[in-house]
Amino acid sequence: MVQYVLRSHDVRQYITLNKKGDIMMIIMNHVGVIVKDMDISKRFYSEVLDGVIDHEYEDENVHLCFVKSGNGVIELVKRKKEQSSSNLGVVEHIAFTVENLEVAIEGLKKKNIEVISEFPRVCDNKLIAFFKGPNGEKLEFVQYL
1 MVQYVLRSHD VRQYITLNKK GDIMMIIMNH VGVIVKDMDI SKRFYSEVLD
51 GVIDHEYEDE NVHLCFVKSG NGVIELVKRK KEQSSSNLGV VEHIAFTVEN
101 LEVAIEGLKK KNIEVISEFP RVCDNKLIAF FKGPNGEKLE FVQYL
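Numbering (full-length UniProt numbering), first residue to last: 1 to 145.
Be aware that one or more of the hints could be misleading.
Computed list of lysine-lysine pairs in PhoX-like fashion (alpha-carbon distance at most 25 Å, straight line) [claimed, not checked]:
id: 1; residue 1: K78; residue 2: K126
id: 2; residue 1: K138; residue 2: K68
id: 3; residue 1: K110; residue 2: K138
id: 4; residue 1: K111; residue 2: K81
The set of hints was computed from the structure by calculation and includes no laboratory data.
Required output: the full structure, derived from the provided sequences and hints.
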């Protein structure tokens, strides 16, 4: 395998090519989440989940807000025209690594965030728990064992 380093929007992307020369793996750049209310979503991802608002973009069709979380980015997407209720392209969930799952869950409860799985469960040598974001999106905390 061959590894290349590319520059794209000042973010390094490491691309690994397989023996055929096809792209095999790209480090995730961001996850887009369609939101109902941009202000509520920005507060949730920055204040509740401690993300950092990097920048915003707006034109006549869309308002985007890019929130950094660790080594990833969540793109909040608010369309200005009526949004379709179609489930095409819906992200199943977004996961965040935490050091202590119990402490993270307690922090959510203190902020009145709906925790879907009250008790963490073990899955693939990880403790996991799910909760809901302000737009009904399913989010997950992961603690490696």
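Results of checking the hints against the structure:
no.	hint	in the structure
1	K78 <-> K126	33 Å, violated
2	K138 <-> K68	18 Å, holds
3	K110 <-> K138	19 Å, holds
4	K111 <-> K81	31 Å, violated
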